[in-house]
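Following the hints, complete the assembly by docking chain V onto the known chain A.
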Amino acid sequence: MPRTHSISLPFAATFAAVVFISCAQPQPAAPPDNRAADAAAVQKADADWSKAAQTKQIDAWMAFYGDEAVLLPPNDKMATSKDAIRKGIADVLALPDLSISWQPTKAEAARSGDLAYTYGTYQLAWKGAKGKPMSEQGKYSEVWKKQADGSWKCAVDMYSPDAPAK
Amino acid sequence: MARGFSHSFVISTCIAATLAAGCSHTQPLAPELVDMRKVAEDAINATSEEFAKAVDAKDVDKIVSYYTDDAVLFAPSGPAAVGKDALRKAWQGFLAGPASKIDVSGTVIDVAASADLAFERGSFTNTITDAKGKTTAVTGKLVDIWKKQADGSWKIAADTNASDK
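Chains A and V supply the protein sequences, listed in that same order. According to the numbering used here, the first sequence holds residues 1 to 166 in order. According to the numbering used here, the second sequence holds residues 167 to 331 in order.
Computed Cβ-Cβ distance ranges for the label pairs, DEER-style: (1) A:Gln123 to V:Gly259: 22 to 28 Å; (2) V:Asp296 to A:Ala36: 47 to 53 Å; (3) A:Gln57 to V:Ala218: 41 to 47 Å; (4) A:Glu68 to V:Thr295: 33 to 39 Å; (5) V:Val205 to A:Pro96: 47 to 53 Å; (6) A:Lys127 to V:Ala212: 45 to 51 Å; (7) V:Val205 to A:Ala30: 17 to 23 Å; (8) A:Asp91 to V:Ala297: 33 to 39 Å; (9) V:Gly299 to A:Gly150: 56 to 62 Å; (10) A:Leu95 to V:Gly259: 28 to 34 Å; (11) A:Thr105 to V:Gly299: 39 to 45 Å.
Not everything, but these chain A residues come out facing chain V in the computed CB check (under 10 Å): (12) Pro31; (13) Lys106; (14) Gly113; (15) Tyr117; (16) Thr121; (17) Lys139; (18) Met158; (19) Pro161.
Some chain V residues close to chain A (C-beta under 10 Å, calculated; not the full set): (20) Val277; (21) Lys313; (22) Ser329.
Because the hints were derived from the structure by calculation, they are not lab data. Just so you know, even glycine gets a beta-carbon here, dropped at the ideal spot from N, CA and C.
Looking at chain A on its own, in the form it has when it is part of the complex (with noise of 0.2 Å):
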């Protein structure tokens, strides 16, 4: 049987080339770059949370936190629990006629897509002791994280005035 030679012999070729090939390609495909379109969501999400803010709303500003958040606020500790952070951003929506709003001016996100951050400027005016007109500029940082349902939330939120509100 001299044909078994000539034929096993392409198959134990092929058969090795396959094993190799498959072993040899990049793991996985590597996933599509999705860099630019992850941090213009961001950049969305943090300027939606601005609208948010405005409406003074628990709720809908505690909405934008992911579950494990952190809020590491100017004069005070930070705040490591969902409570912890409703009662710090609950002080600040208090404040008597309050105008908050704020400018993410940067977002980038991982080329894995799970981990991106924004920060930008921020403004606050309200009525302080005896309707004296206060406000205070300042620069926030944030490091969002990509949920289940492809959605980002905020992990850490960070902010500090850019002098003493006066």
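Just chain V, lined up with the frame of chain A:
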């Protein structure tokens, strides 16, 4: 030639088995990704320590070398410093002020699965000693955004902090 078949079959099986064994080392992806994150975390920790040494040494050139070109520095009660020139000025101003020693604690580092972006957050105590030798401790918290560079090093893209009171 019955041997012909069995011989080449054995060869092909051997080659396949060898290659498959070689493959199986790299097959489970998850542990590899976890390792990439751990490697990144260790690198960021090491870079943070070098950065702290540069601050202790008041080496402004060295300090700014740990930032990306378009990095920002958000200090408490001061306007944002954007870009290396502004960062240099901000650091020069800080280092020219009263002697201070910054200690960072409670650090958490979280690295993206792709290990190209990470954040670090923690608490700091800045112990300031005035001209009369009196010390004051200012506490606060920090969030740093780290980005992996083309050369594999990690640099700070955003260095942001706020004081506790």
